[in-house]
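S.K.: Sequence:
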Amino acid sequence: MTRSLHRYVTMHLAPDPDADPYTVRATCGTCVERSPAPDPQRTISQQYEQAMQWCNDHAATDHPDGRHLRFVSTATVHWRVTPSEDIGPEAP
Numbered sequence: 011m012t013r014s015l016h017r018y019v020t021m022h023l024a025p026d027p028d029a030d031p032y033t034v035r036a037t038c039g040t041c042v043e044r045s046p047a048p049d050p051q052r053t054i055s056q057q058y059e060q061a062m063q064w065c066n067d068h069a070a071t072d073h074p075d076g077r078h079l080r081f082v083s084t085a086t087v088h089w090r091v092t093p094s095e096d097i098g099p100e101a102p
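Start counting the sequence shown at 11; every next residue gets the next number (our numbering).
Bear in mind the hints are in silico, worked out from the structure with no lab data behind them. There could be a bad hint or two in this list.
As the list claims (entries may be wrong) - Computed Cβ-Cβ distance ranges for the label pairs, DEER-style:
1. T20 with T86: 23 to 31 Å
2. E100 with P31: 15 to 23 Å
3. D96 with Q56: 35 to 43 Å
4. T12 with T86: 37 to 45 Å
5. R77 with A101: 40 to 48 Å
6. A85 with H22: 39 to 47 Å
Beta carbons are placed, not taken as given, at the ideal position from N, Cα and C, and that holds for glycine.
Please model the entire structure based on the sequences and the hints provided.
M.R.: Right under this line is the structure:
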């Protein structure tokens, strides 16, 4: 029989200070082309507006296979967990 000792460590979840706080991109559902990377200085609302404008521009483009009218929006938020005490080395 193997015995293990377990203990709980408090973890703190917060925005990752080493990454952009958020990014909003759009992807065409037909050709999977993506909107350009947003300016990290823009607010999340401004990034959504930029992605929506790209969708409108992409839909207005004359594609050989017809109009591309379906899109997916993705908002990414970067987080970091900080343990309240040392629990071992961080993975690379």
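S.K.: All hints are to be evaluated individually against the structure, with a verdict given for each.
M.R.: Hints versus structure:
1. The supplied range of 23 to 31 Å is met by T20 and T86, whose beta-carbon atoms lie about 26 Å from each other.
2. Judged by the Cβ atoms, the range 15 to 23 Å given for E100 and P31 holds: they are separated by roughly 20 Å.
3. One distance hint, 35 to 43 Å for the beta-carbon pair D96 and Q56, holds here, with the actual separation near 40 Å.
4. Distance hint for T12 and T86: a CB-CB separation of about 41 Å, consistent with the stated range 37 to 45 Å.
5. Taking the beta carbon of each, R77 and A101 are about 45 Å apart, inside 40 to 48 Å as hinted.
6. Look at A85 against H22: about 22 Å separates their beta carbons, and that is not inside 39 to 47 Å.
This entry does not satisfy hint 6, going by the numbered hints stated previously; all others are met.
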